[in-house]
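Asker: Residue strings, one per chain:
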Amino acid sequence: MPYKVAQIGLVSSHPEVYDPCDDSFVLVDALLADRVNLAQHQPSICMEIGCGSGYVVTSLALILGKEVPHPALYIATDINPYAVSVTRETLEAHGCFADVVNTDIANGFEKRLSKSVDVIVVNPPYVPTPEDEVGCKGITSAWAGGENGRTVIDRILLVAEELLSDKGWLYMVTLAANKPVELCIEMKKKGFASRIILQRSTDEESLQVIKFWRDVDGLQLEVNAEENVGVNSKLFFNPFSFWKRGNQLSN
Amino acid sequence: MRLITHNMLSSNIKGVTNGFPLRIEAEKVVEKEVDFNPDFLRNMFSKIEWKALTDASKALGYAELPEETEPSMLESELFLRKLHHALLELHLEEGALVCPETGRKFPVNKGIPNMLLHEDEV
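Those protein sequence lines, which keep their order, are chains B and C. Each residue of the first sequence is one higher than the one before, counting from 1 in this note's numbering. Each residue of the second sequence is one higher than the one before, counting from 1 in this note's numbering.
With the rest of the complex left out, here is chain B:
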């Protein structure tokens, strides 16, 4: 596999499917920064919820494929019937494979994959919109997030709680408007530790990537809160300074 991440030139597209954008890139950058941890993690089953163009799941497969000799099962889902087709094409163009399913979040998988998924990645529909825009199957499903942009995020978190294995990790993109700190506190009550592992502000949006995992002992949040202050004290990330930091962390 020659590519480090999915190549924009090889990503398939369709008018009804969300093209990769800043939010897709921030998620992939976060995965790249965490690639050493991901390799050590040795995930067996990985899932992307809301695969869209396939940019993120393809990148995850490339990142893990390079670092980890033992292959994983990749599953990609999307509610949008055009997106699943486009994802399949994008995967194929990069020589990657995932089982792609047209479904709502992970509907159909909850029973058999309960406590079984080692990595979940999601760039959810996080934009605050009227509630009636939520749940359409076309391109609107890529961004329509209802009140505070949280309607679908909250459902996704419930599903992730069910699917994540004991060692499972969830990487999720959020907007400042989704109140990510509140999200982390709510997940803490359900037994999940979390850390904002990347923040990036563009002209339009302030994006975060949050990593969640099952909290084995209650000390986790305190430790991570300290690191949080250090790592995330800057709201504005120059992508190049981020890269230098990423390399330092992996050494």
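No lab work stands behind these hints, which were simulated from the structure alone. From a predicted model like this one, the values you see are computed outputs, not experimental measurements. Do not rely on the hints blindly, as some may be mistaken.
[Unchecked claim] In the DSS-like style, the derived pairs of lysine-lysine whose C-alpha atoms are separated by at most 25 angstroms in a straight line are:
| id | chain 1 | residue 1 | chain 2 | residue 2 |
| --- | --- | --- | --- | --- |
| 1 | B | Lys111 | C | Lys51 |
| 2 | B | Lys211 | B | Lys189 |
| 3 | C | Lys105 | C | Lys51 |
| 4 | C | Lys47 | B | Lys137 |
| 5 | C | Lys82 | C | Lys47 |
| 6 | C | Lys51 | B | Lys115 |
| 7 | B | Lys115 | B | Lys189 |
| 8 | C | Lys14 | B | Lys115 |
| 9 | B | Lys167 | B | Lys188 |
| 10 | B | Lys115 | C | Lys47 |
| 11 | C | Lys14 | B | Lys137 |
| 12 | B | Lys115 | B | Lys167 |
| 13 | C | Lys105 | B | Lys137 |
| 14 | C | Lys32 | B | Lys111 |
| 15 | C | Lys14 | B | Lys111 |
| 16 | B | Lys137 | C | Lys82 |
| 17 | C | Lys32 | C | Lys110 |
With chain B held as given, fit chain C onto it using these hints.
Answerer: Below, chain C without anything else, positioned relative to chain B:
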């Protein structure tokens, strides 16, 4: 859709008590070779519902899997190669997955199952 994923899917229709496994109606099956990795297979083995796999495999035209298994088989390359083939190399491209309780068909097109429920099924 490969059988490893079929083995993880169930029907979630409202009122269904046990929607697993989904019965397969195969119209087009394609074989695609994938690198053999015995560790991966041993790792996944404990999660697999064996009867669901053997039935699904037969529906796709591959009847070589043993009806029952025992742990020592995981040391047999012959067994692992059959498991590898059934689980990872057979693709249901066109057909349907059928809910075992209601008979409702979830179509599979271009290898992608459509598991979206209608409003009255949720």
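Asker: Going through the earlier hints one by one, which of them does the structure break, listed in rising order?
Answerer: Result: hints 4, 14, 16 break, sorted rising.
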